[in-house]
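> Protein sequences, first through last, are from chains G and H. The number in our numbering is simply the position in the first sequence, starting from 1, with 26 added. The number in our numbering is simply the position in the second sequence, starting from 1, with 26 added.
Relax, there's no trap hidden among the hints.
Which copy? The list can't say, so a pair holds if one copy fits it or any two copies do.
In silico DSSO-like links for lysine-lysine, alpha-carbon gap of 27 Å or less:
hint : residue 1 : residue 2
1    : Lys108    : Lys388
2    : Lys389    : Lys418
3    : Lys353    : Lys108
4    : Lys388    : Lys438
5    : Lys115    : Lys388
6    : Lys388    : Lys74
7    : Lys108    : Lys389
8    : Lys108    : Lys438
9    : Lys389    : Lys74
10   : Lys438    : Lys32
11   : Lys418    : Lys388
12   : Lys388    : Lys353
13   : Lys194    : Lys117
14   : Lys388    : Lys117
15   : Lys311    : Lys370
16   : Lys418    : Lys370
Hint data in this document are derived by calculation from the structure and do not stem from the laboratory. Just so we're clear, the structure is a prediction, and the values are computed from it rather than from any experiment.
Below are the chains, spelled out letter by letter.
Number of protein chains: 2
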Amino acid sequence: MSVLIKKAKIVDAGKATEGDVYIEGNRIVDVGDVKNGKHDVVIDGKGKAVIPGLINTHTHAAMVLFRGYADDMPLMEWLQEKIWPLEKKLKPDHIYCGTKLACLEMIKSGTTAFNDMYFEVESIARAVEEMGMRACISSAFFDFFDEQRLEENLKRVEEDLKKLKNFKNVIPAVGPHAPYTVSLKGLKASAELARNYDALIHFHLAETKEEIEEFRKKNGRSIVKALDEIGFLNRRLIAAHCVWLSESEIELMAERKVSISHCPVSNMKLCVGSTLDYSAMKKSKLNVTLGTDGAASNNNLNMFEEMKFAALLQKYHYNDPTLLNAKEAFEIATVNGAKALGVKAGLVEPGYLADLVILDLKKPCLTPGHNLIADIVYSTNGTCDTVIIDGKVVMENGIVEGEEEIMEDAQKAALDLIS
Amino acid sequence: MSVLIKKAKIVDAGKATEGDVYIEGNRIVDVGDVKNGKHDVVIDGKGKAVIPGLINTHTHAAMVLFRGYADDMPLMEWLQEKIWPLEKKLKPDHIYCGTKLACLEMIKSGTTAFNDMYFEVESIARAVEEMGMRACISSAFFDFFDEQRLEENLKRVEEDLKKLKNFKNVIPAVGPHAPYTVSLKGLKASAELARNYDALIHFHLAETKEEIEEFRKKNGRSIVKALDEIGFLNRRLIAAHCVWLSESEIELMAERKVSISHCPVSNMKLCVGSTLDYSAMKKSKLNVTLGTDGAASNNNLNMFEEMKFAALLQKYHYNDPTLLNAKEAFEIATVNGAKALGVKAGLVEPGYLADLVILDLKKPCLTPGHNLIADIVYSTNGTCDTVIIDGKVVMENGIVEGEEEIMEDAQKAALDLIS
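Start from the sequences, fold in the hints, and give me the full structure.
Structure below.
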């Protein structure tokens, strides 16, 4: 299949230009002045912009079912009284319906790939494949420092990794939950599993001060140092949050080629007490990417909104309006995310995956259009026109096939859970 | 003219229910189970929610022309090198075109009334009237502590107040800019003008620490105390920002029935160094309202986004997830704003102005819909279906009459300014 987008504005973290974009199969083949020929799909780019699809590097997609169920509460009360009781009732079909809704929401707001951590990976992968998205799916586990529990979980995770290999555009991952729920032995085993199955690792790290301090009290050294000793820090790791790292820890993680996922909305809503040290990360060349976290703590999966929060939270926290400028916010949401997932995407360049978003620029909030990257980060509400993933048009003129049914099914699943 | 909205969800800061909303002329006449009769307009509310229109209590509407022109810069450099040189070139027609674009953007994102401070009030008022909006328009002035300049400005402002009386749904106001640009004499004269013309006052207050400290150094007392001495603090005043007030100043302003306009996005983007002490304001019963500030420092006029920023910034800054909950965020953006403007709006109740917004709930980010107020504050991107102002439908199914031309004219005006 071939797609030609004619005469659009083309914007990625490296350029802002105008021209055509030509796609063959699942790749961008040509950008600029493309000779007319016969193409399966031709899209008029007049008054539109082509940008790389946004990449959400930390979420728990199916948690959209809990959206708005409990807000404005202290973290532990929220988890223990509201979220965990619901999660205990989750069946594979809930997760399938929830993940489809999440995919729909992401496509509508210009996200083409995401990094998920949840349970029932086959249900997740089936939803992802049906929606035509790209995703890294990790099989979440907790051992709660119990050897037997660890053993059972590792068996399940290994089976999950094998199952995930069967799905299209799915990147398998191991999902040890966090330092306070998984033993060092479990983390070491996760790193080994990831290596053996050529998988990624999705992990929560340094989200709260208590987590960092308790680890040090229990283990006599910093969590980052301990992770390095067991070979956990490497290019396979995507560590979410990371708001409580020291400069030397940031440098070590950069050396080890770790990627981190920044989740500013969730961090603000759940009051983790600090924010990313983006300047130190930039200096160390640590790969910073962007995530929404689950909808229960956001409460949406809108990466455009997340870019704005990321840029403004840096400025506010460090009292410097020049920090994390619009171009950098766009970069962490696109090409850096692709790097974390190990896919050649995030730029509108020949040879890159055709994971693209087309924005209609005829919107009041995108007018007059002095600077398209600034408009994308600070002004748009994230409404997208057309979304192409892996070379296929998954949304056209704002409509995804079967969207009403997906919303209805998810609503039924959510009502079933709280009944 | 009469409008009947049938069988919708009805949500305001005081209730969440279902039923019909019946409008006659510019007022809501009945809410609940309305008997069918003959109505000029009947709107099917199935799968939709009716909410009060949002009220933006601090903006400089025409500055949408500068959207994205300069970002991520230190405040003074941004003003002196970028914004002020452009503002010097502004002609009445630029302001008219810019304000129309701003009105269009506000209507599209569910704002029905706003509080503006800018120049050329007749151009602003003409745009507001043509767009069918409600606005408080203040004639901005600076005297820079120069008596002659003050005299000239007061004459112009008085003329402006008279002119503004001729426009429909326009509330006239005096707009002394800020404590660091207007003398106490100018502020006292503003209070007198406002009283004489039954007008409001729109003012920037306590936006930065420097402003507060310099005033005290120069005048030997706090700005709030000085304002009280000259009779400036009263129910006519809407003071924007107010992030550097002490608890006793907050109490005094509450006693004097002042309204304040919180602008979290602008405060974060421009790095004012602190945020609102919402808890103290709530305790004192100070009327807190919400504003976007101008698009040059936001960069949009989306009040849904602003509610989310307001709620999350409180939580983050004070490290307490229970602060400024969704219902309170909705309240400051609706009924509190109406109180500041002195209009009976902001609730979906009989006798209130028919300034209403209809949201289509069949959106992924509003599914499953456990809590509509939480969804409105934390999840929606602000896309609205239908907007009614003063009993008239100004947007239907997301379309405002003449919107393409408004965008084109504003774009031309913006290009003319930077050429």
